[in-house]
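All chains, please: the whole structure from these sequences, using the hints.
With our numbering, letter number 81 in the sequence shown gets 447, and the count goes up by one each step, no holes.
It should be emphasised that the hints constitute simulated quantities derived from the structure, not laboratory data.
If you're wondering where the values come from, they're calculated on a predicted model, not measured in any experiment.
For every residue, glycine included, the Cβ atom is placed at its ideal position computed from N, Cα and C.
Some hints here could point you the wrong way.
To be verified - Per label pair, the in silico range of CB-to-CB distance: (1) Arg476 to Ile376: 22 to 30 Å; (2) Leu426 to Val393: 13 to 21 Å; (3) Ala395 to Leu478: 24 to 32 Å; (4) Val399 to Leu472: 21 to 29 Å; (5) Gly424 to Ala383: 28 to 36 Å; (6) Arg382 to Phe469: 19 to 27 Å.
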Amino acid sequence: GESGAASLGIDLARTRALLAAGTALAVGAGVAVAGVIGFAGLVTPHLLRPLVGARPSGLLWPSALGGAAIVLAGDLAVRLTPSAAEVRLGVAMACLGGPFFLFLLLSLRRRLG
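Following this line, the structure appears as structure tokens:
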């Protein structure tokens, strides 16, 4: 726990910051490799967790269907948006997922702090 780590002389603030940065880099690398599908795979379970619950077994199939629906909605939005240049699907998914993850981070911070 935190009290045990602090008694051993571990800087908890620094460790938390390094853990957050490492997680962000790992998620960013996963999305860079897998592309839009990986991004939808990260967003969808968080969107569906309030509806389904926290059980991973109960979240698997709704996440698969929800991820397909999110990618389909993003693709439709990209194809139906009138613009001079074609908007990439990754840009549309980032516009959906970026604010959502910011909201998720702020609500988690409010809950813990």
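Status of the given 28 to 36 Å range, CB of alanine 383 versus CB of glycine 424: holds (34 Å)
CB-CB spacing for isoleucine 376 and arginine 476 relative to the 22 to 30 Å hint: Holds, at about 26 Å.
C-beta pair alanine 395, leucine 478: status relative to the range 24 to 32 Å that was hinted: holds (26 Å)
Distance restraint evaluation - leucine 426, valine 393, Cβ atoms, bounds 13 to 21 Å: holds (20 Å)
Range hint compliance [Cβ, valine 399 to leucine 472, 21 to 29 Å]: holds (28 Å)
Assessment of proposed distance window 19 to 27 Å (beta carbons of arginine 382, phenylalanine 469): Hint holds: Cβ distance 21 Å, inside 19 to 27 Å.
Of the hints listed earlier, there is not a single one the structure fails to meet.
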